[in-house]
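Novice: Here are the chains, one letter per residue:
There are 2 protein chains.
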Amino acid sequence: MAKTKNYQHFCPVARSLEVIGEKWSLLIVRDLLGGPRRFSDLQESLGKITAKWLTLRLRELELVGIVTRDSEEGRREVWYTLTPRGRELAPVVAALNVWGVKNALRPPLPGERVSLAAVFTSAIGFFITQRLSLPTPRTWVVHFNDGRTAVIRYDGKRWRWAIEDECPSDADVRIETTPEAWATFYALRGEERKAALLAMLPSGDADAIEELLATFDGQPMAVTAAR
Amino acid sequence: MAKTKNYQHFCPVARSLEVIGEKWSLLIVRDLLGGPRRFSDLQESLGKITAKWLTLRLRELELVGIVTRDSEEGRREVWYTLTPRGRELAPVVAALNVWGVKNALRPPLPGERVSLAAVFTSAIGFFITQRLSLPTPRTWVVHFNDGRTAVIRYDGKRWRWAIEDECPSDADVRIETTPEAWATFYALRGEERKAALLAMLPSGDADAIEELLATFDGQPMAVTAAR
Chain A
1 MAKTKNYQHF CPVARSLEVI GEKWSLLIVR DLLGGPRRFS DLQESLGKIT AKWLTLRLRE
61 LELVGIVTRD SEEGRREVWY TLTPRGRELA PVVAALNVWG VKNALRPPLP GERVSLAAVF
121 TSAIGFFITQ RLSLPTPRTW VVHFNDGRTA VIRYDGKRWR WAIEDECPSD ADVRIETTPE
181 AWATFYALRG EERKAALLAM LPSGDADAIE ELLATFDGQP MAVTAAR
Chain B
1 MAKTKNYQHF CPVARSLEVI GEKWSLLIVR DLLGGPRRFS DLQESLGKIT AKWLTLRLRE
61 LELVGIVTRD SEEGRREVWY TLTPRGRELA PVVAALNVWG VKNALRPPLP GERVSLAAVF
121 TSAIGFFITQ RLSLPTPRTW VVHFNDGRTA VIRYDGKRWR WAIEDECPSD ADVRIETTPE
181 AWATFYALRG EERKAALLAM LPSGDADAIE ELLATFDGQP MAVTAAR
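Here the protein sequences line up with chains A and B, keeping their order. With the numbering used here, the residue at position 204 of the first sequence is 204, and numbering never jumps. With the numbering used here, the residue at position 163 of the second sequence is 163, and numbering never jumps.
Worth flagging that the hints you see were computed from the coordinates, not collected in a lab.
Below, simulated DSSO-like cross-link-like pairs (lysine-lysine); rule was C-alpha separation at most 27 Å, straight line:
1. A/Lys5 with B/Lys23
2. B/Lys23 with A/Lys52
3. A/Lys102 with B/Lys23
4. A/Lys5 with B/Lys5
5. A/Lys5 with B/Lys48
6. A/Lys5 with B/Lys102
Residues of chain B placed beyond 12 Å of chain A at every Cβ, according to the derived structure:
7. Pro135
8. Phe144
9. Arg153
10. Glu164
11. Gly204
For glycine and all other residues, C-beta sits at the position ideal for the given N, C-alpha and C.
Whenever a hint applies, use it, and build me the whole structure from the sequences.
Specialist: Pasting the structure below:
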């Protein structure tokens with residue numbers, strides 16, 4: 001077991017950091033909040049983690065009752081799932097996401113991994129945490145140059161996103177781009193972000209594009225009010 | 001500069017942890033959320049941190065724009081203050097506090113530091129984050145054996161706490177105890193917590209004591225409804 005943080009200090013914040021403050025722990029929780037994952041799924045989504053460290057962290061998270069291993073009979077692979085105690089970390093991950101979006105994000109560095117799941121889950125988490133709503137349902141479609149199509153939908157109440165095989169016919173805005181260019185748009189702010197969006201040549205009417213931009217800026221109602 | 005976490009992974013959660021995931025960083029933020037502090041105040045409240053590590057962490061937090069140093073003319077001491085970007089970490093600390101209260105707390109270990117500020121700030125943060133309300137204003141008073149008196153007040157809308165010199169005359173519940181016994185009560189759950197409270201021989205009517213207990217359990221309305 002790795003040497004874990006120990007603050008010798010009676011405080012719930014300190015205790016939480018003792019339990020889930022080690023490198024990678026909260027990122028493993030972040031991934032498992034999306035549902036059960038195999039070891040190989042986690043390696044894939046975490047990127048630079050070694051098998052040794054991932055094994056160690058999963059064992060620690062199991063020991064403190066945040067993760068369970070589930071190996072069904074007749075199935076070769078082990079799946080990792082959050083316990084109820086683990087799922088209660090969702091607000092911690094959501095708060096780190098919002099702070100990161102507003103205060104720490106920068107365009108991907110050379111060699112930095114860009115996972116579509118991380119970017120779209122972050123955006124949806126941001127919209128939800130900021131309680132963003134739009135006047136009516138919306139569909140925003142992003143086609144990537146590797147053949148994947150990501151769709152963000154607002155159904156009038158809830159936000160969600162998915163990688164979809166068929167291209168929705170009801171897209172309000174449609175964009176063709178690369179994961180890196182999309183991540184750059186997501187990381188920039190203000191005029192720079194607007195320029196990054198327009199450089200992707202989005203199709204859709206001007207209001208719809210303005211609305212997408214305002215939503216990513218965290219303030220879609222200003223646009224709504226101006227219509 | 002200490003070797004900081006680096007995930008080489010484009011994700012706002014990972015970026016947040018790169019910036020504020022080092023040991024002590026979020027606990028320094030926790031303390032500064034209560035207002036500006038001197039170096040010696042932080043040493044006192046953090047307990048086991050060395051001057052060298054505190055200096056290093058403060059410098060890192062300054063570099064990333066979370067903390068500013070403020071040394072007014074004619075004043076010998078330097079005060080540390082959160083920037084707006086630093087204050088936006090409040091939801092992260094609040095979420096870690098709630099998770100810790102519910103999932104990680106245990107009675108103080110031998111030699112573990114118990115700071116009244118950490119315990120009462122945590123409780124008030126928990127009540128606020130859980131949106132707990134009571135039917136009318138309440139005052140709960142805890143006298144400690146070192147002469148300090150902590151008062152928790154609910155004014156019908158807001159929760160707050162303070163160390164007060166005079167003992168309020170309107171106390172609904174009054175307790176005499178030690179910081180360790182109070183921390184133990186705070187850390188336990190269910191019947192064990194109830195036993196820890198009753199062992200402190202609280203004064204106040206039975207309903208008021210039940211209400212205090214239910215509030216610390218995160219569910220005061222059940223009691224209110226039963227009255």
